[in-house]
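Each chain, letter by letter, is given below.
There are 2 protein chains.
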Amino acid sequence: MKNPFENLDKALEHRVRLQIMSVLVTHDGFEFNALKEVLNITDGNLASHIKALEREKYLTVSKSFVEKKPNTKYKITERGRTAFKKHLDALEAVVKQQK
Amino acid sequence: MKNPFENLDKALEHRVRLQIMSVLVTHDGFEFNALKEVLNITDGNLASHIKALEREKYLTVSKSFVEKKPNTKYKITERGRTAFKKHLDALEAVVKQQK
Numbered sequence: 348m349k350n351p352f353e354n355l356d357k358a359l360e361h362r363v364r365l366q367i368m369s370v371l372v373t374h375d376g377f378e379f380n381a382l383k384e385v386l387n388i389t390d391g392n393l394a395s396h397i398k399a400l401e402r403e404k405y406l407t408v409s410k411s412f413v414e415k416k417p418n419t420k421y422k423i424t425e426r427g428r429t430a431f432k433k434h435l436d437a438l439e440a441v442v443k444q445q446k
Numbered sequence: 348m349k350n351p352f353e354n355l356d357k358a359l360e361h362r363v364r365l366q367i368m369s370v371l372v373t374h375d376g377f378e379f380n381a382l383k384e385v386l387n388i389t390d391g392n393l394a395s396h397i398k399a400l401e402r403e404k405y406l407t408v409s410k411s412f413v414e415k416k417p418n419t420k421y422k423i424t425e426r427g428r429t430a431f432k433k434h435l436d437a438l439e440a441v442v443k444q445q446k
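Taken in order, these protein sequences are the chains called G and V.
Residues in the first sequence are numbered consecutively from 348, following this note's numbering.
Residues in the second sequence are numbered consecutively from 348, following this note's numbering.
Treat the hints with caution; some may be incorrect.
Copies of the same chain look alike in the list, so a pair counts if it works inside one copy or between any two.
As the list claims (entries may be wrong) - The calculated lysine-lysine pairs, modelled on DSS-like cross-linking and capped at a C-alpha distance of 30 Å, are:
{"hint": "1", "residue 1": "Lys410", "residue 2": "Lys443"}
{"hint": "2", "residue 1": "Lys357", "residue 2": "Lys433"}
{"hint": "3", "residue 1": "Lys420", "residue 2": "Lys446"}
{"hint": "4", "residue 1": "Lys404", "residue 2": "Lys420"}
{"hint": "5", "residue 1": "Lys357", "residue 2": "Lys443"}
{"hint": "6", "residue 1": "Lys446", "residue 2": "Lys398"}
{"hint": "7", "residue 1": "Lys443", "residue 2": "Lys383"}
{"hint": "8", "residue 1": "Lys357", "residue 2": "Lys398"}
{"hint": "9", "residue 1": "Lys404", "residue 2": "Lys415"}
{"hint": "10", "residue 1": "Lys432", "residue 2": "Lys415"}
{"hint": "11", "residue 1": "Lys416", "residue 2": "Lys404"}
{"hint": "12", "residue 1": "Lys420", "residue 2": "Lys443"}
{"hint": "13", "residue 1": "Lys422", "residue 2": "Lys446"}
{"hint": "14", "residue 1": "Lys383", "residue 2": "Lys446"}
{"hint": "15", "residue 1": "Lys404", "residue 2": "Lys422"}
{"hint": "16", "residue 1": "Lys383", "residue 2": "Lys404"}
{"hint": "17", "residue 1": "Lys404", "residue 2": "Lys446"}
Keep in mind that the hints were calculated from the coordinates and are not lab data.
Everything numeric in this text was worked out from a predicted model, so none of it was measured.
Chain G with its partners taken away, still in its complex shape (with noise of 0.2 Å):
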């Protein structure tokens, strides 16, 4: 029998991982306090999520300054696209398996 659990990503698991790559995945861009809006959670427990992903490689961060403040944006790599869409079709996979 084929395992579709064997192709979920463990580094996608966590419901904030897959609510940041789901809001990378359709923005060019954005920025952690938008994120953090967006997710509604602490500053902390988003950016120990982007570390994660990061440290996958699933996203870049790039650090400037708008208007004298500081300003952090996360875009989404390829890699990261080409994973989430595994992720999300061994999570398709998953589901039917069930139903």
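Chain G is fixed; fit chain V onto it per the hints.
Chain V only, in chain G's frame:
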């Protein structure tokens, strides 16, 4: 916008927990060692996820002796069955929203 991420069950996010539930939902009781073999994970790993699911009252544990050997069996509860179904529905909605 309705947010399907909010319906994801934190206690069922992990791949191993999804797999445990998918086995229990289709079997009337499943033994520890058999589960370990199906999932191909270590004792400790399985035990910790089982404990988490037991804490949520998603499964019950029964211990007995079979031919003088200790035998530990797990059964999904109605609460677990409902939660698993709800989580799968949420996953389905997440996938649909992305595609």
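We went through each hint and held it up to the structure:
1. Lys410 / Lys443: For lysine 410 and lysine 443, the Cα distance exceeds 30 Å both inside one copy (41 Å) and across copies (33 Å).
2. Lys357 / Lys433: both (12 Å within a copy, 21 Å between copies)
3. Lys420 / Lys446: Between. Shortest inter-copy distance 24 Å satisfies the 30 Å Cα cut-off; intra-copy 39 Å does not.
4. Lys404 / Lys420: Close inside one copy (15 Å), not across copies (41 Å); limit 30 Å.
5. Lys357 / Lys443: both (20 Å within a copy, 20 Å between copies)
6. Lys446 / Lys398: Between copies only: 26 Å across chains, 35 Å inside a chain, cut-off 30 Å.
7. Lys443 / Lys383: For lysine 443 and lysine 383, only the inter-copy Cα distance (23 Å) is at most 30 Å; the intra-copy one is 32 Å.
8. Lys357 / Lys398: Classified as both; 15 Å inside a copy, 20 Å across copies.
9. Lys404 / Lys415: within (28 Å within a copy, 52 Å between copies)
10. Lys432 / Lys415: neither (37 Å within a copy, 49 Å between copies)
11. Lys416 / Lys404: within (26 Å within a copy, 48 Å between copies)
12. Lys420 / Lys443: This pair counts as between: shortest inter-copy Cα distance 27 Å, intra-copy 36 Å.
13. Lys422 / Lys446: between (35 Å within a copy, 19 Å between copies)
14. Lys383 / Lys446: Only across copies: lysine 383 and lysine 446 sit 23 Å apart there, 34 Å inside one copy, limit 30 Å.
15. Lys404 / Lys422: Within one copy only: 10 Å inside, 40 Å across.
16. Lys383 / Lys404: Answer is within: at 20 Å inside a copy they meet the 30 Å cutoff, but 32 Å across does not.
17. Lys404 / Lys446: Between copies only: 22 Å across, 34 Å inside.
Of the numbered hints given earlier, the model fails hints 1, 10; all others are met.
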